[in-house]
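*Asks:* Each chain, written out:
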Amino acid sequence: MLPQAKRAAVSFVPQQRGGVMEFFKKTLDPIIALAAIAVLDIFMFLIMGAWTVGGGETMMTGLIAKGMIGDELERLPFWSIVFPVHGDYWKIYISLGMLFGAFVGAVLSKEFYLRVPRHLSEWLLITIGGLLMGFGIRLAYICNVSTFFGLMPEMNMGGYLAMSGILAGAWVGSLIYKKLLEAE
Amino acid sequence: MMTPVAECFVAFLFGSVAGLLMQRSRFCNTAALRDAIMFKTYRNTKAMLVAMMILTIGFTGFMSLGAGHPLQFDVGLNTFAGLFLFGIGMVFAGACTVSTWVKTGEGNLGALWALIFTFVGMFLFSLVWSASWWPPAPQTMTGQINAPALQLGFANAQTLGEKFGVPAIVFGLVQTVVLFGLYRGILKRERAQHAEHEKHEREHARKKAEKAAKAAAANQTA
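Respectively, the protein sequence lines represent chains A and B. Under the working numbering, the first residue of the first sequence carries the number 37, and numbering increases by one thereafter. Under the working numbering, the first residue of the second sequence carries the number 370, and numbering increases by one thereafter.
Hints listed in this document are in silico derivations from the structure and should not be mistaken for laboratory results. One thing to keep in mind: the hints can contain errors.
[Claimed, not checked] Listed below are the simulated PhoX-like cross-link pairs for lysine-lysine, each with C-alpha atoms no more than 25 Å apart in a straight line:
1) 214/A <-> 583/B
2) 62/A <-> 415/B
3) 214/A <-> 102/A
4) 409/B <-> 532/B
5) 146/A <-> 61/A
6) 568/B <-> 583/B
7) 557/B <-> 409/B
8) 61/A <-> 568/B
9) 214/A <-> 580/B
10) 415/B <-> 580/B
11) 568/B <-> 557/B
12) 580/B <-> 568/B
13) 215/A <-> 568/B
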C-alpha cells in the first residue's frame, strides 16, 4: 500500500503545481473573477460590511496627515467629528490587501515591471484625475466600489444617486478625454 | 462580534484575493464605464453587472433575514455631485479606486501618482468641509429629509421591506431582473456588432478577390 500511496502523492504534486502556474499564465475571465469576489463580498457583508475603498483611503489620508502635522490635525472638525484617525480601521486593510494581491499576481505571472507615463500631459491628467477622485469621494461620502458593490445591491437610495452621478461624470470625462486625444 | 484585529485580518485577506483576481482578469471599473461609453465594448461592464446581480440577491436575501451590515448614512445631492466629480476624475486618471491599487501593485507609477493625489484631494475636501461644515457629518444625520442641508434621508431594501410589509429579497429580485435585462441587452448588442464585423470581413474578402481576378484578367490580355 505504501509504495502506491507514495506514487500517488508524487504524481499529485506536479499536477497541482501545473494547475496553479496555469492560473498565472492565462488572463482570467473578468466575469468569473467578479463573481468570485461578489461571493466573498457577501461573506464580508455578513460579518463586517460590504466592500468599500474610499473609507480606508480617507483613514490613510488622516494617518499620513497626522504623521506630518501631529495633533494639530484634530483642530480640523472633519478629522475630529467625521473621521477620527485610528490605525485599526478594517477598510484600510482591504486596500493594502489589494496592493499585495495584485503584486503577488503580477510577480507570479511575470507581469511586474515599472510603467512610467511618458508625456507631461499624462502626468497632468492623472494629477487632476486623482484630485477629482479624492475630492469627489469625500463630498459624496462614498466611492465607486461602495456604489456598485455595496449601495446598489443593498438598494440604498444613495446607490441610485451615486450611479447617476458616476455615469454622468464618466460620460463628461470621456467627452473631454476624446477632445484631448483628437487635439493631440 | 469580532475584534478590530480580526476585522483587519479578514479585510486584508479579502483585499488580497480581490487584488489577485483583479490583476489576473484585468478588471477595471473605469473601463467598465469608459469603454462602454467611448468604444462600445463591454468586457468589463458585463462582469460588473454579473457581480451586481449576485450581490443584490445575496445582500437583500440576508437583509430579509435581518442579517448583514448594510451601509447606514443619509444621502443627498452631495452624493450625486461627488460621484460626478469622481466619474470625470477616474476617466482622466485612467483608474478608479480599485485599479489605482491594483495597477500600483503591478508597478504602474502613474497609478501610484493618481493614488497620492486622491489622498491630496481627500485632504483638500477635509479643509473645505471643516470651513463650511457642509454636507452634514454622519453623526448629525437623522434618516429623514433635511431640505436646507440638501439631504434626502435614508432608505434601502430593508426599510422598503418594512414600509411595504414584504421581504427585502422581493425588491432585490426586481432589481436583479432589471440588471439581467441590461446584461442581455449588452449580449444582443455584441452579437449584432459581431454579425456586422463578419459582414464587413466578407465584403472585404469579396472585393479583394474581385480585384485579384481583374488583375489576373488584365495580365492575360496583356
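*Asks:* Against which earlier hints does the structure fall short, listed by number upward?
*Replies:* Numbers 1, 3, 4, 8, 9, 10 and 13 - these are the hints that the structure violates, sorted from lowest upward.
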